[in-house]
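**Student:** So the chains spell out like this:
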Amino acid sequence: MNNYELMVIFTPVLSEDDFKVAQKKFAKLVVDNGGSVVAENAWGLKALAYPIQKKTTGLYWVMEFTAAPESMERLKIQLLRDESVLRHLCTKLDKYAVEYNARKKSGVKTGNEKMMES
Amino acid sequence: MAKNEIKYLTAIKTDKRVKKFCRFKKYGMRYVDYKDIEFLKKFLNDQGKLLPRRLSGNSLKYQRKVSDAVKKARQMALLPYVTDLLK
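Those protein sequence lines, which keep their order, are chains A and B. Per this note's numbering: the first sequence ends with 118, consecutive numbering throughout. Per this note's numbering: the second sequence ends with 87, consecutive numbering throughout.
If you are wondering where the hints come from, they were derived from the structure by calculation, not from laboratory data. Do not take every clue at face value.
[What the hints assert, rightly or not] Below are the DMTMM-like pairs computed for lysine to aspartate or glutamate, each with C-alpha atoms no more than 25 Å apart in a straight line: (1) B:Lys72 x A:Asp82; (2) A:Lys105 x B:Glu5; (3) B:Lys42 x A:Asp94; (4) A:Lys55 x B:Glu5.
[What the hints assert, rightly or not] Calculated Cβ distances over 12 Å to all of chain A for the following chain B residues: (5) Asp15; (6) Lys16; (7) Lys19; (8) Tyr31; (9) Pro52; (10) Lys65; (11) Arg74; (12) Gln75; (13) Ala77; (14) Thr83; (15) Leu86.
[Said to hold, decoys possible] Quick list of the computed label-pair ranges, beta carbon to beta carbon: (16) B:Thr14 x A:Thr66: 30 to 38 Å; (17) A:Val37 x B:Gln47: 53 to 61 Å; (18) A:Asn41 x B:Pro80: 42 to 50 Å.
Quick caveat: nothing in here was measured; it's all calculated off a predicted structure. The beta carbon of each residue, even a glycine, is placed where N, CA and C say it ideally should be.
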């Protein structure tokens, strides 16, 4: 079992409910493959830095989860097959990343603040 | 006028250069988050290009991590590939 983080950009044409259904679909896929969802964070509508498929905004969604490496291929196929997904990025998290995310969630200082000043 | 007074053609440098340091090592950060755009912007110039190590002072290990994080952020359209006046 590894820790992963998935970031997906959905098309902005999705309605509020469709957006939630799409989130649930991929979260369910992870659970069905024997993984577990650690955290979910929907950023919502956000302007893209450059147009993707002639769209200037996108619905962002970030999920942190644990899963077996073999199940990632199945998840990737589903993400590529889904037409509402503009782009996705799956990152494997090392132990420092997991610690960083946990700190960020609980609101403890991550050390970034000090570096932002300097 | 004293005869043994030395005269220089150019002014000698008197100010000592400040030693550069790796910010990640100093503050004990082990992970560079690609989602934190404001943070990553500190390592980019106005055109959205990555600053060299000689300017940012990062150690090689963390310069690589910053570079990976910036590239991930670009893929996810959080940062632009090319631009003017990023800041």
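**Student:** Holds or violated: the 53 to 61 Å window for the beta-carbon distance between A:Val37 and B:Gln47?
**Tutor:** The hint (53 to 61 Å, Cβ to Cβ) is violated, given that A:Val37 and B:Gln47 are roughly 39 Å apart.
**Student:** Taking the closest pair, is the beta carbon of B:Thr83 still more than 12 Å from chain A?
**Tutor:** Per Cβ check, B:Thr83 is inside 12 Å of chain A; nearest 8 Å; violated.
**Student:** Looking at B:Arg74 again, its CB stays over 12 Å from all of chain A?
**Tutor:** Non-interface label fails for B:Arg74: nearest chain A Cβ at 8 Å, not farther than 12 Å.
**Student:** For A:Asn41 and B:Pro80, compare the CB-CB distance with the range 42 to 50 Å and indicate the outcome.
**Tutor:** violated, 23 Å
**Student:** Beyond 12 Å from every chain A Cβ: check whether that's true for B:Ala77.
**Tutor:** At about 4 Å from chain A, B:Ala77 fails to clear the 12 Å cut-off, so the statement is violated.
**Student:** Any Cβ of chain A at or closer than 12 Å to B:Lys19, or is the non-interface label fine?
**Tutor:** Its Cβ never comes within 12 Å of chain A, the nearest being 14 Å, so this holds.
**Student:** Take a quick look at whether B:Lys72 and A:Asp82 sit within 25 Å of each other, Cα to Cα.
**Tutor:** holds, 21 Å
**Student:** Within 30 to 38 Å: is that where the Cβ-Cβ distance between B:Thr14 and A:Thr66 falls?
**Tutor:** violated, 58 Å
**Student:** Are the Cα atoms of A:Lys55 and B:Glu5 separated by 25 Å or less?
**Tutor:** violated, 73 Å
**Student:** For B:Lys16, which was marked as not at the interface, is the minimum beta-carbon distance to chain A over 12 Å?
**Tutor:** holds, 20 Å
**Student:** With 12 Å as the threshold, tell me whether B:Tyr31 passes as away from chain A on beta-carbon distances.
**Tutor:** Since the minimum Cβ distance to chain A is about 4 Å, B:Tyr31 lies within 12 Å and the statement is violated.
**Student:** Check the non-interface label on B:Pro52: least C-beta distance to chain A beyond 12 Å or not.
**Tutor:** holds, 18 Å
The structure is inconsistent with the numbered hints 2, 4, 8, 10, 11, 12, 13, 14, 15, 16, 17 and 18, although it conforms to all the rest.
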